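Participant: Each chain, written out:
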Amino acid sequence: MKGQPNRVQSDAAPLAGTQIDRGAPLRFTLDGRVVNGFAGDTVLSALLASGIDTAGTHQGHAIALSERFAPAIAPAALAADPSRALPMQRTPARDGLEFRTVSGHPRRGFLGLLPRNDPSLGIRFDDPATRTIPWRDASPVSEIEADLVIVGGGVAGMSAAVAAGQSGSSVILIERRQNLGGSARLFGSVEDEEAPDVVIGRLAKALAHLANVTVLTMTEALAVSRPVVHAHQVQSSEGGLTPRRLAISSSRIILATGALDRLPVFSGNRLPGVVGLLEAFDRADRFGIRPGRRLALNTATNPAYRLAMLALDSEVAVAKMSDTRLRPQSRFIEFSKAYGIPLSSGLVPQSVGAHRHGGLEIHLSLEMENYARPEPAVVADQFVVSGGWQPALNLWLSAGGKARWRGDTAMLGADGQIDGMAIAGSVAGYRSLSGCAQSGIAAVATLFGRSAVPVFDIEIDPIYESPDAPASVVLARAEDEVAAYLDDGASLAERPRIERPSRLSLLSRNRRTPTLSESAHALSLGDLAADIALGLIPVSEASAVAAERCIDPAPLPQADAPPTRERETPYPHYLNERFGPEQAVWRVASDEPRHFEAGNLLYRNTDAADPLSACGVILGPAAEGQSGAIALVADGEADRRLVLRDTSRQVSVRLVEKL
Amino acid sequence: MGADAFDFAIVGSSPLALLLAGLLAARHQRKVCLVAQSHAAFRLPTGLDLSAAPLTRPETWALLAATVPETVRLLARVAGKLAYDRIDPLVVAETAAGRDALGHVRHVALGFGHAIEPEPASSALPDGAVANRFRDAVLINRPFLEAALMPWLESVGVRRLDAPDATAEFTVLADDEAALARGSRLLQPQPSLTLMTEPLPALPAPVMSFIDRGLAMRQLAGGGVSALVRGEGTNATGMAGAALGERARLAGQARFLAATTPDGAPMLGLSEANVFTIAGLGMTGAFLAPAIARFLAGAATTQEAAWIDARSPLADRSLVAEVAS
Chain A
1 MKGQPNRVQS
11 DAAPLAGTQI
21 DRGAPLRFTL
31 DGRVVNGFAG
41 DTVLSALLAS
51 GIDTAGTHQG
61 HAIALSERFA
71 PAIAPAALAA
81 DPSRALPMQR
91 TPARDGLEFR
101 TVSGHPRRGF
111 LGLLPRNDPS
121 LGIRFDDPAT
131 RTIPWRDASP
141 VSEIEADLVI
151 VGGGVAGMSA
161 AVAAGQSGSS
171 VILIERRQNL
181 GGSARLFGSV
191 EDEEAPDVVI
201 GRLAKALAHL
211 ANVTVLTMTE
221 ALAVSRPVVH
231 AHQVQSSEGG
241 LTPRRLAISS
251 SRIILATGAL
261 DRLPVFSGNR
271 LPGVVGLLEA
281 FDRADRFGIR
291 PGRRLALNTA
301 TNPAYRLAML
311 ALDSEVAVAK
321 MSDTRLRPQS
331 RFIEFSKAYG
341 IPLSSGLVPQ
351 SVGAHRHGGL
361 EIHLSLEMEN
371 YARPEPAVVA
381 DQFVVSGGWQ
391 PALNLWLSAG
401 GKARWRGDTA
411 MLGADGQIDG
421 MAIAGSVAGY
431 RSLSGCAQSG
441 IAAVATLFGR
451 SAVPVFDIEI
461 DPIYESPDAP
471 ASVVLARAED
481 EVAAYLDDGA
491 SLAERPRIER
501 PSRLSLLSRN
511 RRTPTLSESA
521 HALSLGDLAA
531 DIALGLIPVS
541 EASAVAAERC
551 IDPAPLPQAD
561 APPTRERETP
571 YPHYLNERFG
581 PEQAVWRVAS
591 DEPRHFEAGN
601 LLYRNTDAAD
611 PLSACGVILG
621 PAAEGQSGAI
631 ALVADGEADR
641 RLVLRDTSRQ
651 VSVRLVEKL
Chain B
660 MGADAFDFAI
670 VGSSPLALLL
680 AGLLAARHQR
690 KVCLVAQSHA
700 AFRLPTGLDL
710 SAAPLTRPET
720 WALLAATVPE
730 TVRLLARVAG
740 KLAYDRIDPL
750 VVAETAAGRD
760 ALGHVRHVAL
770 GFGHAIEPEP
780 ASSALPDGAV
790 ANRFRDAVLI
800 NRPFLEAALM
810 PWLESVGVRR
820 LDAPDATAEF
830 TVLADDEAAL
840 ARGSRLLQPQ
850 PSLTLMTEPL
860 PALPAPVMSF
870 IDRGLAMRQL
880 AGGGVSALVR
890 GEGTNATGMA
900 GAALGERARL
910 AGQARFLAAT
920 TPDGAPMLGL
930 SEANVFTIAG
940 LGMTGAFLAP
950 AIARFLAGAA
960 TTQEAAWIDA
970 RSPLADRSLV
980 AEVAS
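Chains as they are written, first to last, in the numbering used here: chain A, 1 to 659; chain B, 660 to 984.
Just so you know, the hints here were simulated from the structure itself, not pulled from any lab data.
Keep in mind that this is a model prediction, so the values were computed, not measured.
The reader is advised that the hints may include incorrect statements.
[Stated by the list, open to error] Once the Cα atoms are required to be at most 20 Å apart in a straight line, the calculated SDA-like pairs of lysine to any residue come out as: (1) A:Lys658 to A:Pro621; (2) A:Lys337 to A:Pro14; (3) A:Lys2 to A:Gly23; (4) A:Lys658 to A:Pro570; (5) B:Lys740 to A:Pro514; (6) A:Lys402 to B:Glu891; (7) A:Lys658 to A:Gly620; (8) A:Lys402 to A:Ser540; (9) A:Lys402 to A:Ala547; (10) A:Lys402 to B:Arg914; (11) B:Lys690 to B:Gly816; (12) A:Lys402 to B:Leu909; (13) A:Lys205 to A:Ser169; (14) A:Lys402 to A:Asp415; (15) A:Lys402 to B:Gly892; (16) B:Lys690 to B:Met809; (17) A:Lys402 to B:Phe915; (18) A:Lys658 to A:Val585; (19) B:Lys740 to A:Thr513; (20) A:Lys2 to A:Asp95.
Please construct the entire structure, taking both the sequences and the accompanying hints into account.
Facilitator: Here is the structure:
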């Protein structure tokens, strides 16, 4: 396990990594630095296992490397070609390959190499260009079709694929990870449901027997522009790693995109070491990446307790397990007590910073109605936070779907219908394993016009299982040193700060705080939910703001020049009766050769200068072969002299002939 | 009139609507209610408020010559100087008709003492385009103004309502959305878009108006550009995209309906009994608020009354036809 300090050592531990082959070590370089891993790793998971947990800095503070915030890479020899850029979270680690980051210019040390033992990729994200995703702009190189496209290879997507495939339809199932199954293993099963592994295994076996179902793993759907799903795939073959832009056409699309972890809003919430629950579980479960030696958790949901127990069984000490809810109830909590995990409730994270002896210093506060009490600081290597869920509606919105804020769950849910599209699984609000599976089948029935399939979503009585709560959002304090971000994606949208008085306050007092309407970044759904919690967006406006700002940051198309607009004859409509009912078009000439410009005003004498007293205006040059210009004049007779004003000059002109 | 009855119900959320409500209450001592939504802080804008625009009618420039300084003094007093900026916008023309229109605009504005300079051709402008730079125009910062005006409106007795009050003697529809909602045979709903881009390198000017594209765009402090364009679909977004270059990337998009007239001129007047409709004023609308408020209060000057009467839906509007940009 040389060079992989964050890898669970024992392959017998529950979180040893289901996807990696510990018998097949590999080594590659990124920006010249050697990274160790195992077959089955992605580039991102190998980096994290090797102790590289920082993407770079934003406004001078470290930003964690994560599934939702990882710079693009490319094979070193192809790094200059944007079309060869790869997402490190979807790129399999390969022995002997040399990669470069392409999203920015890493800070370099001696001889142009990154400093040894530096846990950061060294990219400064202050420049928004560093956050651009190169493959979004590439033109699709492969166009494929199917009767049905399913986005998301969790239980709902797999169930939908099996149902449609077994009825003979051609199906394409898209999954961004290397394996199917989604996050079901974290959530487990309830009551008499089968275990997630049993369900996933059965569905995977069924899919393997369906030749009419194509599963595209390592493929991320970028946008839906009906009937096309735009996607990006990393193809892995003996020949190497090849990115591919896909345009998948289908008259039927199912979105089974799951739910996103909401990031609680507190100062330091994107420092390295702060990890969302879904990602922490995914890292550990798939890749055996342990969440540090000392783990602290703060949760508004029940599955976080499951991670705490699994961590204890996987060489990790749990320093603190806290819950934002007061006296929560859950079967997981009862199990956690039996494990001896120290539990607290009603605690809200206020800030996280670097501890002077390493690790994180976590400040929590007991928050009750009209009462708050700071808790003693907790020190841990990792702080796993769970701020509830937000259905991953990005593609639904990109397809023109609507969303509505649901006050009971404090999340944005899909609203209305889109012809030829359906949603299934947790993006549609289903919670249980069986509910997600049935909703996939029901979505297929809906799109193919078959009899409706009932969906039974098992919900445990709140007496026994406290409902998940929304993410905690802490208001800004003057003493906060580090930014509090609204979400963990690329927007890097921050909670508004309290401006501290500056020594140069006399010079800087005339500053206007930019508003959300002036933000030059698309919002993630998490950004929007946090803005609502902070009171920056009224609930009544959530749908409208989501439609405006939760969009795919696509390049603007380029139109041709505006359509040719020829001159109106005899004069433009906006000059109608400008000089009275008797106005007429004349040819005029000056005594000296000169250029006449449309708009030059004509006056009766040299004293007049007020445009309201003008008696005519130049319309343009005279017809070819004639001297002078065409003018619109109030009245007149041939040879009458008028004065043309051209900025500071006055020129005498003569009416030549009425046209 | 009962205790809760109002002289005017102002309907609309634009700066013009807010200023009208405040002026009628504070300066003309009228009882005013305002039916407006405060969303400038988080919704994409559906208009730009600039003291100069592609206007060809000298009487409009003459009116603005009086009302712009008055409006700016009011803004500075009730909202502070952060409510506006002084900028040098560019007006761009690309077709023969557009270049002519720009020439007419330029010479009329020069006649009223505005400093306007031809912009040298550059790679930052479309091929073959002609551009004029207007010096020292005033640009309103909508989100800041809205936040700053609300306390003032309250202090001068303007009552905020969620729906028009039936007891108001006059209802004033003071923005496009309100005007279109009540309908008028003269007004046409024009599908339009607001596009917000991710940060871009500095544009040639903080505000650019493209006569032939139906496009106006503003670059914000962070580098993002908010572009308002007439039309819909890829044709409209393409018009903005071509003006911004291939690096432009969407950060937000809003669809809305703009109220336009067939003659390109604004409409101000009674659209039905006791309903005064204001629409199609374009970028300069807010800067005409003092004159419109005086008109509504019966205190307009002869020049102001003549300008507004000429733009009534009942007038011969061919006499006030304007460039439709």
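Participant: It remains to establish, for every hint, whether it holds in the given structure.
Facilitator: Going through the hints against the structure:
Taking the CA atoms of A:Lys658 and A:Pro621, the gap is about 15 Å. The hint holds against a cut of 20 Å. For the suggested pair A:Lys337 and A:Pro14, the alpha carbons sit about 19 Å apart, so the restraint of at most 20 Å is met. Proximity of A:Lys2 to A:Gly23 is assessed by CA-CA distance (about 13 Å); at most 20 Å being required, the pair is judged to hold. Using a Cα cut-off of 20 Å, the hinted pair A:Lys658 and A:Pro570 holds, with the two alpha carbons roughly 12 Å apart.
A distance of roughly 16 Å separates the Cα atoms of B:Lys740 and A:Pro514; the hinted pair therefore holds under the 20 Å criterion. With a C-alpha separation of about 19 Å, the suggested pair A:Lys402 and B:Glu891 falls inside the 20 Å cut-off, and the hint holds. Proposed proximity of A:Lys658 and A:Gly620 is supported: the alpha carbons are some 15 Å apart, at most 20 Å. Our distance criterion of 20 Å between C-alpha atoms is met by A:Lys402 and A:Ser540, whose separation comes to about 14 Å.
A threshold of 20 Å between alpha carbons decides the hint, and for A:Lys402 with A:Ala547 the separation of about 7 Å falls inside it, so the pair holds. Distance check on the hinted pair: A:Lys402 and B:Arg914 sit about 14 Å apart at the alpha-carbon level, within 20 Å; holds. Restraint check for B:Lys690 and B:Gly816: the C-alpha separation of about 7 Å stays at or below 20 Å, so the hint holds. As the CA atoms of A:Lys402 and B:Leu909 are separated by approximately 19 Å, the hinted pair is consistent with the 20 Å bound.
Taken as a hint, the A:Lys205 and A:Ser169 pair is honoured in the structure, with Cα atoms around 18 Å apart against an allowance of 20 Å. For the hint pairing A:Lys402 with A:Asp415, the CA-to-CA distance comes to about 5 Å; that is within 20 Å, so the pair holds. A threshold of 20 Å between alpha carbons decides the hint, and for A:Lys402 with B:Gly892 the separation of about 18 Å falls inside it, so the pair holds. Between B:Lys690 and B:Met809 the CA atoms are separated by roughly 16 Å; this keeps the pair inside 20 Å, and the hint holds.
Between A:Lys402 and B:Phe915 the CA atoms are separated by roughly 16 Å; this keeps the pair inside 20 Å, and the hint holds. At most 20 Å may separate the alpha-carbon atoms for a hinted pair to count; A:Lys658 and A:Val585 meet this at roughly 6 Å. Straight-line distance between C-alpha atoms of B:Lys740 and A:Thr513 comes to about 14 Å, which keeps the hinted pair within the 20 Å bound. Between the alpha carbons of A:Lys2 and A:Asp95 the distance comes to roughly 15 Å, so the proposed pair stays at or under 20 Å and holds.
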